[in-house]
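As given, the protein sequences belong to chains A and B, one line each in that order. According to the numbering used here, the stretch in the first sequence is residues 1 to 111, in order. According to the numbering used here, the stretch in the second sequence is residues 112 to 225, in order.
Just so you know, these hints were derived from the structure itself, not from any lab. The model shown is predicted, which means the values in this text are computed figures rather than measured ones. Errors might be hidden in some of the hints.
Quick list of in silico lysine-lysine cross-link-like pairs, PhoX-like style, CA-CA up to 25 angstroms [what the hints assert, rightly or not]:
hint, chain 1, residue 1, chain 2, residue 2
1, A, Lys45, B, Lys150
2, A, Lys42, B, Lys131
3, B, Lys114, B, Lys131
4, A, Lys45, B, Lys138
With the Cβ distance kept under 10 angstroms, some of the chain A side facing chain B (calculated, not the full set) [stated by the list, open to error]:
hint, residue
5, Leu11
6, Pro14
7, Glu15
8, Tyr36
9, Ala90
10, Lys98
11, Phe101
12, Ser108
13, Ile109
Here are the simulated distance ranges between beta carbons [to be verified]:
hint, chain 1, residue 1, chain 2, residue 2, range
14, A, His71, B, Gln191, 39 to 47 angstroms
15, A, Arg60, B, Glu153, 25 to 33 angstroms
16, B, Glu179, A, Met18, 41 to 49 angstroms
17, B, Tyr121, A, Arg60, 48 to 56 angstroms
18, B, Ile169, A, Gln80, 35 to 43 angstroms
19, B, Gln191, A, Lys110, 43 to 51 angstroms
20, A, Glu57, B, Gln211, 39 to 47 angstroms
21, A, Pro81, B, Ser192, 41 to 49 angstroms
Cβ coordinates follow ideal geometry from the N, Cα and C atoms, glycine included.
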Amino acid sequence: QQKVQQSPESLIVPEGGMASLNCTSSDRNVDYFWWYRQHSGKSPKMLMSIFSNGEKEEGRFTVHLNKASLHTSLHIRDSQPSDSALYLCAATNYNQGKLIFGQGTKLSIKP
Amino acid sequence: NSKVIQTPRYLVKGQGQKAKMRCIPEKGHPVVFWYQQNKNNEFKFLINFQNQEVLQQIDMTEKRFSAECPSNSPCSLEIQSSEAGDSALYLCASSLWSSQNTLYFGAGTRLSVL
């Protein structure tokens, strides 16, 4: 069964610090990776997507992808209390269509 | 604010009862997904549609759930006979088409089966 594994399960980072989240797919047919953020009591919202090897930066957020190892990581610099949320990694392949989500990393930013 | 509208926000049912929830996808989005998020935040894909046609669904959905996305009406997901293990947040999402496009989620329907 297609699986997306995220680590760590939970993470506490001081305000202003760097948060690093990891995600790996066990399905070699995966093409696309997404990172969604879900604040408590809210619905998930897409944060960043990455389809090619390398790095993509948007403001304080940077995502890396290594397609050979099917590993992606999300890095948040200068973390803010508003970044406290559940971060969900999701993956799919062109033929599948459906997004398979990981179990999430619960990020808490301590003021 | 999400343009995917889900109703009701909360649903309380007894075991064995039917539980029906609805979703209006974002305008112009032909693909609709239903996911179940349990209390451990685990997401389970249930079913997806392109326009009115089912694209994929899991075994559980095929057997105990009925879902449809009729033309010009809200999509719906109905559990035929609710079980305690069905208590979860049911999230509907829509997109332009599958694979490469972002999913936009509704606020969800929280189902409690007593």
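(request) Run the structure past the numbered hints and jot down the numbers of the failing ones, going up. (result) 5, 6, 7, 12, 13, 17, 20
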